[in-house]
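Model the full assembly from the supplied sequences, consistent with the hints where possible.
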Amino acid sequence: MSFVVVSDVSKAYGAVGSGAETRVLKGVSLEVREGEFVALMGPSGSGKSTLLTVLGAMNRPTAGRLVVDGIDVYALSEERRADFRREYLGFVFQQHHLMPFLNALENVSLPLAILPLSAREKRERARSALAKVGLADKAARLPSQLSGGEQGRLAIARAIVNGPPLLLADEPTGTLDTRTGDEVMRVFRDLNRAGQTVFMVTHNPSNAALAHRVLYIVDGRLAPDPHAADPAEGLCLPTAGLAQ
Amino acid sequence: MRISTIALANLRRRKGKAAFLVAGISIGIATAVALLTLSETIRDEVGLQLDQFGANIVVVPRSNSLALDYGGVTVSGVSFDVAQLSDEDARRVRDIPYRSRLAVVAPKLLGAVEVEGRQVLLAGVDFEEELKLKRWWRLVGERPRGETDLLVGYEAARALSLVEHAMGDRSVPVVPTLAQTAEMKGHAHQSMDGHFRVVRDRLTVAGREYRVAGVLTPTGGREDEMMFGRLDGVQAHLGKPGQLSLVEVSALCQDCPVEDIVAQINQQLPNARVSAVQQAVRARTETVERLTRFALAVSGVVLLIGALMIFTTMSGAVVERTKEIGVLRAIGFRRAHIIKGLMLEVLLVSTAGGLLGWAAGLLASRALLPYFSQTGAGLEVDPALAALSVLTALAVGAAGSIYPALRASRLDPSEAVRYV
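Chains A and B supply the protein sequences, listed in that same order.
If you're matching positions, the first sequence starts at 78 in the working numbering and goes up one per residue.
If you're matching positions, the second sequence starts at 13 in the working numbering and goes up one per residue.
All the given hints hold, so there is nothing to weed out.
Among the chain B residues that face chain A by a calculated CB cut under 7 angstroms, a handful are:
1) Arg14
2) Ile15
3) Ala21
4) Ala342
5) Ile343
6) Gly344
7) Pro425
8) Ser426
Please keep in mind that the hints were generated in silico from the structure rather than gathered at the bench.
This one's a predicted model, so the numbers in the text were calculated from it and none came from an experiment.
Ideal Cβ placement from N, Cα and C applies to all residues, glycine included.
Below, the structure is given as structure tokens:
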């Protein structure tokens, strides 16, 4: 059974029917199974990031439904959706969006700040998340004292500290060079191997190659793999498999 | 990691802005504290002076048969043998529970006497008390001392040819008050070379010779047509030893209603009619309230400016922190969590500003007090004022930041995280 079900989702900005309306998503449907690693590719302005924010319970679609673990996400109130994000989702942003005034441990602890846990438990969870991304020894460093790759891994640690069932990533290596980008992608691969469901937007085919399945979006619609011999194979189908 | 940790870290990160906010709130609170403290001190002083400036309570015998006007106050039964007051009654007035509030208790005996073929109202008074009560009196001559010394009102003196105008000018110069004259003693006459002078200092009143110690400059009041002598002397002269016509009382009504003092005197003197001079009480209350209203209005304006400053700074901070707030919303912070975090920052800043402002206001009041107060009364460190300062600072901080905080909580996280 699919963990995430996106049904005929459309998203338009601007007043509908005003002529100034911009339709970014046009009837997108897809499913993601638990433990799956899905990559979403597409040209700039194709609707990748919009689809990711819809999946992230942050951007109410104009039409269609998002169901995660049986929950109709956009039927929830705004505050309940905030709770949903906290319980179900982990975000890794392209710019990482780390708090520059908090050290690595504090940055990772941010999602725990509003949980009714003891300070000790919060600390242990944050340290464990840092260890998972290989930053256990950098807990006291400020983001500015970390390399680009380390910042990317720190952003992943923050995203997984709550143990969310679904990890969403928006071009996590977009600002990194190839070597540090690979460093970050290895973390995604390892997490997925450990059972983490990952949905990642990327421009980078090598990153996408790590996914079980690659989706292509063009002009707001899911499209066949432009590189596939049989275009029908590229649509919402598993790719050849995880890269080693 | 708690929301407060984030708030503290944010304040540490923006030390300059936090210091600016603390300074803004401090200045507002300091101004309000200084104004209110000074106005309270001045108000107490003005109140005290107004309390001492004339009587605000009059005690007369309980008799409504006839009345005689005295100093704008209707005094009943003063020249008839009804139940008179006595010296003992004046002493009992001084024994009421609120006796510490009594600034002046001035007993009087009034009687009409014939002076050189004219009927003149003679008042026996305790000059010590009377001079405290009638601070506006000024005289030419000296303060009466002996049993046969008289103080004569200006119109009475003129009618009895006791005074003469210099160079035909009838205007009256500014001359020292009675209290000042008393201090001048022997130099009094040299100082009184204004526009009228006393030309005769002997007067026969109902066959008894008196010395005219001084003549009051015109007051426009009933005393212009009266003569004043020492109480015991007048009592003996009128054949009413130990008797009184009325007792004028000046009560300090700062923290107690004059009605309470009236009630207590009434209890002590069941046979007397005690009434508050409502006009005096009302004038005092209005003057004092006007001072307070002025201080409150200025403080209000200053604090409003403080709130606007916080509003501007916090609005700027929200714009500056759009990305940060968006991230927090994206990772599951509720709107209430965002508001809590921002308000916590303002709360910390406001508390610091309130305490600093209170201390600065107190110091400013101490420095400025000598310029505003004649008595230079000391200022007390009032914990209630400190608490009020902090509470006001918190209210100002909350008023200035609630809208920016609400706006921050409504930020669309999907837009906010795109913001660079």
